[in-house]
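**Student:** Going down the list, the protein sequences come from chains A and B.
Read in this note's numbering, the first sequence has 455 at position 217, and its numbers run on one by one without any break.
Read in this note's numbering, the second sequence has 227 at position 43, and its numbers run on one by one without any break.
Treat each hint with caution, since some may be false.
From chain B, some residues computed to sit far from chain A (all C-beta separations above 12 angstroms) [said to hold, decoys possible]:
{"#": "1", "residue": "Asp-197"}
{"#": "2", "residue": "Asp-262"}
{"#": "3", "residue": "Asp-276"}
{"#": "4", "residue": "Arg-278"}
{"#": "5", "residue": "Asp-304"}
Pair by pair, the computed Cβ-Cβ distance ranges are [as the list claims (entries may be wrong)]:
{"#": "6", "chain 1": "B", "residue 1": "Lys-300", "chain 2": "A", "residue 2": "Asn-429", "range": "26 to 34 angstroms"}
{"#": "7", "chain 1": "B", "residue 1": "Glu-212", "chain 2": "A", "residue 2": "Ala-381", "range": "45 to 53 angstroms"}
{"#": "8", "chain 1": "A", "residue 1": "Glu-387", "chain 2": "B", "residue 2": "Lys-206", "range": "36 to 44 angstroms"}
30 angstroms max Cα-Cα, derived DSS-like pairs, lysine-lysine [stated by the list, open to error]:
{"#": "9", "chain 1": "B", "residue 1": "Lys-195", "chain 2": "A", "residue 2": "Lys-430"}
{"#": "10", "chain 1": "A", "residue 1": "Lys-553", "chain 2": "B", "residue 2": "Lys-203"}
{"#": "11", "chain 1": "B", "residue 1": "Lys-300", "chain 2": "A", "residue 2": "Lys-404"}
{"#": "12", "chain 1": "A", "residue 1": "Lys-404", "chain 2": "B", "residue 2": "Lys-195"}
{"#": "13", "chain 1": "A", "residue 1": "Lys-404", "chain 2": "B", "residue 2": "Lys-203"}
{"#": "14", "chain 1": "A", "residue 1": "Lys-553", "chain 2": "B", "residue 2": "Lys-195"}
{"#": "15", "chain 1": "A", "residue 1": "Lys-433", "chain 2": "B", "residue 2": "Lys-195"}
{"#": "16", "chain 1": "B", "residue 1": "Lys-203", "chain 2": "A", "residue 2": "Lys-433"}
{"#": "17", "chain 1": "A", "residue 1": "Lys-430", "chain 2": "B", "residue 2": "Lys-282"}
{"#": "18", "chain 1": "A", "residue 1": "Lys-404", "chain 2": "B", "residue 2": "Lys-284"}
{"#": "19", "chain 1": "A", "residue 1": "Lys-380", "chain 2": "B", "residue 2": "Lys-282"}
{"#": "20", "chain 1": "B", "residue 1": "Lys-284", "chain 2": "A", "residue 2": "Lys-433"}
{"#": "21", "chain 1": "A", "residue 1": "Lys-374", "chain 2": "A", "residue 2": "Lys-433"}
{"#": "22", "chain 1": "B", "residue 1": "Lys-206", "chain 2": "A", "residue 2": "Lys-430"}
{"#": "23", "chain 1": "B", "residue 1": "Lys-203", "chain 2": "A", "residue 2": "Lys-430"}
{"#": "24", "chain 1": "A", "residue 1": "Lys-553", "chain 2": "B", "residue 2": "Lys-282"}
{"#": "25", "chain 1": "A", "residue 1": "Lys-404", "chain 2": "B", "residue 2": "Lys-206"}
{"#": "26", "chain 1": "B", "residue 1": "Lys-300", "chain 2": "A", "residue 2": "Lys-508"}
{"#": "27", "chain 1": "A", "residue 1": "Lys-404", "chain 2": "B", "residue 2": "Lys-260"}
{"#": "28", "chain 1": "A", "residue 1": "Lys-430", "chain 2": "B", "residue 2": "Lys-300"}
Simulated from the structure, these hints should not be mistaken for laboratory data.
None of the values given here were measured: they were computed from a predicted structure.
Where a beta carbon is used, it is the ideal one built from N, C-alpha and C, also for glycine.
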Amino acid sequence: MINDSPHKIKVLFVDDEFFNLQSFRAAFRKYFDIYLAQNTHEAKSILNEKPIEVIISDQRMPDQTGTDFFNEIIKSHPEPIRILLTGYVDIKAVIAAINKGEVYRFLTKPWNDEEVVVTIKNAADVYRTRKELKNKNAALEKAYNELDEFVYSASHDLRAPIASLKGVLQLIDIEPQNTTEYIGMINEIVNKMDKYVINIIHYYRGSRFDKEIEEVDISTLVEELLDEFQYMPEFKDIKVNKHFEIEKKIYSDSIKIYLILRNLIHNAIKYQRCENPQKEVSIAIYQDIPNGALTIQVSDNGMGIDSNEGDEIFKIFQRANNVKSGIGLGLHIVNECVNKLNGQIEYKSQENKGTTFTITLPLNDKKDE
Amino acid sequence: MNKAVIVDDNKYDILILEKLLKINKITEDIISFSTPIVALNDIQSLKLSREDYLFIDIMMPEFSGYDLLDKLVEQKVDLTQTNVILVSSTIDPRDIDKAKNYEYVQRLLQKPITSKMLLDALRT
């Protein structure tokens with residue numbers, strides 16, 4: 239149950255009678271985190287400062303009635319659940335307020351302690367459920383926007399090479415004598431498309447799946463990736479430094495670790511400056527057993543990233559660099575993987591000096607987290 | 185002789201359009217840019233006339249074809265004095281509708297461009 243959570247429910251009690259404030263605090267302080275206000279002016283300033291979950295207000299107060307107070311704060315503080323404390327004489331005002339949705343419940347004076355506790359707990363349940371729903375909605379909206387952007391972007395990125403293919407096929411028709419040249423072009427276009435589709439599969443595996451903990455042979459992963467990347471045109475004359483400090487077996491999600499390493503190393507190789515005579519890429523992996531952390535650091539002395547980009551570079555389809563082609567998925571995949579592994583990602587970069595990405599991941603024990 | 189300017193980040197599509205312009209005897213004088221940044225810098229000095237063609241791709245990584253048009257107008261390039269033709273592989277109506285806001289854009293050609301499309305577009 240939500241009520242069993244360790245933090246006490248934050249309750250604001252508003253009443254013009256000092257004696258009522260005191261006795262409310264005395265009766266309920268052991269259950270709730272209580273804030274008192276002797277008028278609605280004080281109440282509003284508390285609302286501005288504290289994350290109040292439940293407000294109980296007296297109806298008859300000299301400066302403002304409880305229902306008017308609730309009506310006034312409904313725009314500025316819509317979230318706290320509002321309970322009205324009133325004598326039977328005010329019943330019409332109470333019903334009107336409940337019907338307008340300004341008040342969740344009402345309590346009668348003099349109050350019954352047990353009823354107050356139950357009502358506050360129920361109100362807090364509503365508050366917390368609404369909040370949870372709001373967070374879930376925000377997460378859904380994010381996923382939805384990403385998907386929308388993805389479909390928009392993919393429709394172009396997949397359609398563009400197909401249009402090129404059709405164009406080249408048309409040229410073969412017109413100039414059959416140049417068929418060999420055109421088949422070479424078709425090959426290049428198809429390879430590009432293939433890379434794009436593989437990236438989409440990676441994105442899907444990185445961000446859409448939950449983690450699976452298993453033994454990860456991280457140094458072999460790095461070697462395999464470097465083997466694969468040696469055919470990249472940028473790879474030649476890059477000096478690759480590797481530094482591993484791994485004492486005991488690493489347990490993590492090997493697909494996510496693979497995707498992190500793959501994208502970071504790929505970028506480090508791709509975004510070199512061709513005029514630089516001493517191109518370097520460094521890969522360092524440290525296991526910090528006392529602190530239970532694994533650090534992955536990939537640095538290069540290449541083009542660097544514009545310092546104004548900040549966290550923008552991790553957004554989907556955001557490209558930090560416009561000089562070279564790319565689709566803006568790589569760092570997004572890295573970021574999603576790091577998030578799924580409860581890790582942290584930082585980068586330092588200077589234009590034309592290079593970039594260093596540092597990723598810290600919690601070390602897992604053999605199974606589970 | 186009239187000339188054609190092509191701005192497109194896709195090198196294959198540049199090549200296809202260049203070939204089609206030559207094969208269909210539209211022009212041999214073709215200047216191509218694979219990035220709008222360089223195009224923005226150089227187009228003014230090309231002094232395009234009513235006889236010339238400016239082909240601009242819509243989706244480019246640095247900035248879009250529409251942005252390029254806006255920036256050229258800011259540079260006081262008079263685009264009403266030449267033939268502006270947009271090209272795109274997009275089939276998204278949002279991108280296509282946007283062309284209506286640019287009065288001097290004569291056509292939006294959807295890739296792949298064919299000889300027929302090109303001849304039809306340039307005849308009128």
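**Student:** Next step is simple, just say for each hint if it's right about the structure.
**Tutor:** Hint check results:
Chain A draws B:Asp-197 into its interface by the beta-carbon criterion, the shortest separation being 6 angstroms against a cut-off of 12 angstroms. Every C-beta of chain A lies more than 12 angstroms from that of B:Asp-262, the closest at about 28 angstroms, which supports listing it as non-interface. The Cβ of B:Asp-276 sits about 6 angstroms from the closest Cβ of chain A, inside the 12 angstroms cut-off, so the non-interface label is violated. The claim that B:Arg-278 is not at the interface with chain A is violated, since a C-beta of that chain comes within 12 angstroms of its own (minimum 8 angstroms).
The beta carbon of B:Asp-304 is kept farther than 12 angstroms from every beta carbon of chain A, the shortest such distance being approximately 15 angstroms. Take B:Lys-300 and A:Asn-429: their Cβ atoms lie about 30 angstroms apart, and the range 26 to 34 angstroms holds. With their beta carbons about 52 angstroms apart, B:Glu-212 and A:Ala-381 fall inside the hinted range of 45 to 53 angstroms. Against the hinted window of 36 to 44 angstroms, the Cβ-Cβ separation of A:Glu-387 and B:Lys-206 comes to about 39 angstroms, which satisfies the hint.
For the hint pairing B:Lys-195 with A:Lys-430, the CA-to-CA distance comes to about 13 angstroms; that is within 30 angstroms, so the pair holds. Annotation: proposed proximity of A:Lys-553 to B:Lys-203 is violated, straight-line Cα distance about 38 angstroms (limit 30 angstroms). Pair hint B:Lys-300 plus A:Lys-404 holds up; C-alpha atoms about 14 angstroms apart against a cutoff of 30 angstroms. Restraint check: the Cα-Cα separation between A:Lys-404 and B:Lys-195 comes to about 14 angstroms, which is no more than 30 angstroms; the hinted pair holds.
Under the criterion of a C-alpha separation no larger than 30 angstroms, the hint pairing A:Lys-404 with B:Lys-203 is consistent with the structure, at around 14 angstroms. Taken as a hint, the A:Lys-553 and B:Lys-195 pair is honoured in the structure, with Cα atoms around 27 angstroms apart against an allowance of 30 angstroms. Pair hint A:Lys-433 plus B:Lys-195 holds up; C-alpha atoms about 17 angstroms apart against a cutoff of 30 angstroms. Taken as a hint, the B:Lys-203 and A:Lys-433 pair is honoured in the structure, with Cα atoms around 27 angstroms apart against an allowance of 30 angstroms.
A hinted pair counts as satisfied when its Cα atoms are at most 30 angstroms apart, and A:Lys-430 with B:Lys-282 qualifies at roughly 29 angstroms. Taking the CA atoms of A:Lys-404 and B:Lys-284, the gap is near 27 angstroms; set against the 30 angstroms cutoff, the hint holds. Between A:Lys-380 and B:Lys-282, the direct Cα distance comes to roughly 26 angstroms. Compliance with the 30 angstroms bound is thereby established for this hinted pair. For the given pair, B:Lys-284 sits about 35 angstroms from A:Lys-433 by alpha-carbon distance, which is inconsistent with the 30 angstroms threshold.
With a C-alpha separation of about 34 angstroms, the suggested pair A:Lys-374 and A:Lys-433 falls outside the 30 angstroms cut-off, and the hint is violated. Simply put, B:Lys-206 and A:Lys-430 have alpha-carbon atoms about 27 angstroms apart, close enough for the 30 angstroms limit, and the pair holds. Restraint check: the Cα-Cα separation between B:Lys-203 and A:Lys-430 comes to about 22 angstroms, which is no more than 30 angstroms; the hinted pair holds. Simply put, A:Lys-553 and B:Lys-282 have alpha-carbon atoms about 26 angstroms apart, close enough for the 30 angstroms limit, and the pair holds.
Taken as a hint, the A:Lys-404 and B:Lys-206 pair is honoured in the structure, with Cα atoms around 18 angstroms apart against an allowance of 30 angstroms. For the suggested pair B:Lys-300 and A:Lys-508, the alpha carbons sit about 40 angstroms apart, so the restraint of at most 30 angstroms is broken. A C-alpha spacing of about 37 angstroms is found between A:Lys-404 and B:Lys-260, which places the hinted pair above 30 angstroms, so the restraint is violated. A threshold of 30 angstroms between alpha carbons decides the hint, and for A:Lys-430 with B:Lys-300 the separation of about 28 angstroms falls inside it, so the pair holds.
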